[in-house]
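Q: Work out the full structure, taking the sequences as your base and the hints as a guide.
If you're matching them up, the sequences are chains A and B in order.
When we follow the numbering used here, the leftmost residue of the first sequence carries the number 1, and every step to the right adds one.
When we follow the numbering used here, the leftmost residue of the second sequence carries the number 1, and every step to the right adds one.
In case anyone wonders, no lab produced these hints; they're calculated from the structure.
Heads up, none of these hints are tricks.
Calculated cross-link-like contacts (lysine to aspartate or glutamate; reagent style EDC-like; alpha-carbon spacing at most 16 Å): (1) A:Lys357 x A:Glu432; (2) B:Lys193 x A:Glu148; (3) B:Lys193 x A:Asp144.
Rough simulated footprint, nothing fancy, chain A against chain B, three-plus residues with beta-carbon under 8 Å: (4) 144-152; (5) 157-171; (6) 176-182; (7) 185-193.
The beta-carbon is built from N, C-alpha and C at its ideal position, and this holds for glycine as well.
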Amino acid sequence: MVTELYTIAIFILLLAGCIASLLIRKTEHTGKIITILNLVALLVALTLFYQLNMQIIQPVYWFNFYIDELGTIITILILILSTVAAYFSVPVINGDEKSIKRYYFWFSLFIFAMVGIGISADILSTYLFLEGATIFSAFLVAHDRTHEAFEASLKYLIICSFGTALIIFGLSYIITINIVSFSYQDIYLFLQTNTTTDITTIKIIFLALFFGFGVKAGIVPFYMWLPDAHAEAPAPISALFSGIMIETAAIALLRIVDAFSPVMVMVPELNLVIIIISVITMILGALMALVQTNIKRLLAYSSIDEIGYIMLGIGIATQMGVYGAVFDIINHSFLKGMLFLISGALLYATGTKDMRKMGGLAKMYPLLATSFLIAGLSMGGVPPLNGFYSKFLIYEATFEAGYLWATILAMIVSLIALGYFIKATHMIFFGEPKIETTTDGGAAKKLPIEINVSIVILLILIIIASIFPEFFLKLVIDAISGLNSF
Amino acid sequence: MNEIILMLIYLTVIVAAITVELMNFKKVVIALSIYGIVTTIITLLNGELIGSIINFITIGVLVPLLILNASKKVGFTEKEKYFGTITTIISLAIAISVTTIGLFIVHTINWEFVLAITLITIGTYALAVKGNLIKIVVGYTIYDSAFHLLFSLYAVLYEPPETLTLTVLIATSVILLGVVASILYLAIHNYQKTGVIDSWSLRRLKW
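A: Following this line, the structure appears as C-alpha cells:
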C-alpha cells in the first residue's frame, strides 16, 4: 500500500502545480512555486526508490502502473530535470501574465505525462501518456509564438501523431493471437508458454510497436521533428525533451524488448533490425551535428546520435547491453540537460543561437565554458568522465554479441561527437569576440542566480557520476534485475 | 463477405478519397460526417455496438464540428497550388485500386485489413500532398480512424474481453480528439499571427 501512496503523492504534487499555475495571481512567483512542488515530488520519489532498493517495500501493480525500481529511476531523472528546468525558467520565461500561466500549466501536465510513461505497465497506458506528452509539449514548443515556433510545434505534433498510430496497429494484431491483456508482463508470460504462436504475426506486432514508440525516441525514418522542436522550444523545455522525453520512449522500447524476449531469442533478425536502425541513427545524428551552426540544432542532432547508442544497447538485448543503455540514459539526461541549459544561458547573454556570431565568451562566462567543455568531452566518451563508462559498456556488449562492425562504427561516431563538441567549444568560447556581449560599462551581461545554480546542480551530478560510476551502475543493475529476462 | 459489406467498403473509400479533395470546407465537414456514418454502419453490421457508437460520436459528430469551427476562423475555401480534377482522379484511383487489389487479387488477407490499409494510404497521401493544415487534419482523422476501425473489426473476429475493447476504443478516440483539437488550435493561432494556413508556405525551418 505504501508504494501506491508514494506514487499518488507524486501525481498529486504535479497536478497541484498545474492548478497552482492557473490560480496564482502574482505570476513572478509561479516559477518558484512550481520548482518547490517538483522538488518535493523528487524527494518523495527518492524515498520511494530508497525503500524499493532496500527491499523495505515491494514493487506493485496499481491500475495500469507497475511501480518498480526501473520506473522509479526514470521518475527521479524526470523530477531532477523538471525541478532544475522550472528553476531555470524563472528568469527566462517572461512576458505577459497569460503566457506565463500557460507555460507552467502545460509544463506541469507534461511532467505528469512523462512520469506516467515511466511507470506504465501496459502498452495502452504507455501510448496514452506518450500521446498526452506530445500534445502538452507541442504547446510548450509554440510558447514563443513566432512563425518558426508554430511551424516546429505543428511539425512535431503531426509527425508524432501519425507515427504513434502504429501502436494501435500493433494492438489490433495482439488480439489476433488471443493475448487477453496488453500488459508487458502478460505478453511475456504468454509468449513464454505458447511457443507455437505464429511468428510472422509476432514480427508484425513487434515492428509496429518498435516504430510506433521509436517515433517519439527520434529513430531514423522519423527523426525530422526532433531538431526543429528542440531548436524552437524555450531552453528549459529543450533540456527536458532531450534530457528525458526521448529516453522515456526508449524505456518503453526496453520494456517491449523485454516482453518479446522469448520470441527474440528464436528470431535474431528482430535484434538485427534494431541494431541496424540504431547504427544508422547515430551516424546520421553525428554527421548532421558536424555541419550545424545553430547551437541548439547541434545539440539536438547530438541527441539523435546518443539515442542511437541507447537503442543499440537495447537492441543487443544482453544483460550488459541493457545496463549500458540504462546507464547511458542517466548520463545523457544530466549531460544534455545541462548542455541545453547552457545554450539557454548563451541565448540570454548574447541574444543569438548562431555559433558563428559568438566567440571569446570564455573570459566572461568561465562557468559556462568549463561546464560546456566537461559535458562535451563526456559526450565524446573521454575517460574518466561519466559518458565514457556507459559507452564502454555498450561497445563491450556489442562486441561480445558478435557485431564487430557495429562496435567499430559506434567508436567512430563517438570520435565524431568529440570532434563537433570541440569545434563548438572553440567557436563559442574561444577566439576573437564577435558581437557586443558587454553592457555599456564594459562588463559582461550578468547571468541571474537561477541560471547559474541550475547549471551548477547538473554539473555536480555529472562530476559525482564521473567519480562514482560504480554506484550508479549498481543502481542500474538492481533496477534491471526486476525485469523478466535480463 | 456479402454484397452489402462490399458495397459499403467501396462507399467508404470513395467518400474518404472525395473528402480529402473537396475545396470548400463546409462540404468537407459534411463529407467527413458521411464518412463517419458509413464507417459506423460497417462496424454496426459486424456486431460491434460500442465501437460504432464511439466511432459515430467522434468521427461523425465531434471532429466535423471542430473542423467547422476552425474553418470559420480561417475562411471556408482552400487556396492551394496543386488541386483540381487531376488530384481527385489520383485520389479516387488510389482508393479504388488498393481496395480492388486487396480484395480480389490478393486472396489471403481479410477485408478488414484491406479497408484499413486503403484508408491509411488515403490519409498518408493527404499528409504528403495537401498543404492546407485543415486538410492535413482531415487526412489525420481518416488515417487514425482506419486504425480504430481495424481494431474494432478485429475485436469482433477474435473476441478479446469486452472491457479491453472498450478501453482501447475510448482511449484512442480521446487521443484522436486531443490531437485534432491541438493541431487546429495551433494552426488557427499561427494563421492569426502570420496569415499562413498552408503548410507549403511553412518552410522557415530546414526539413
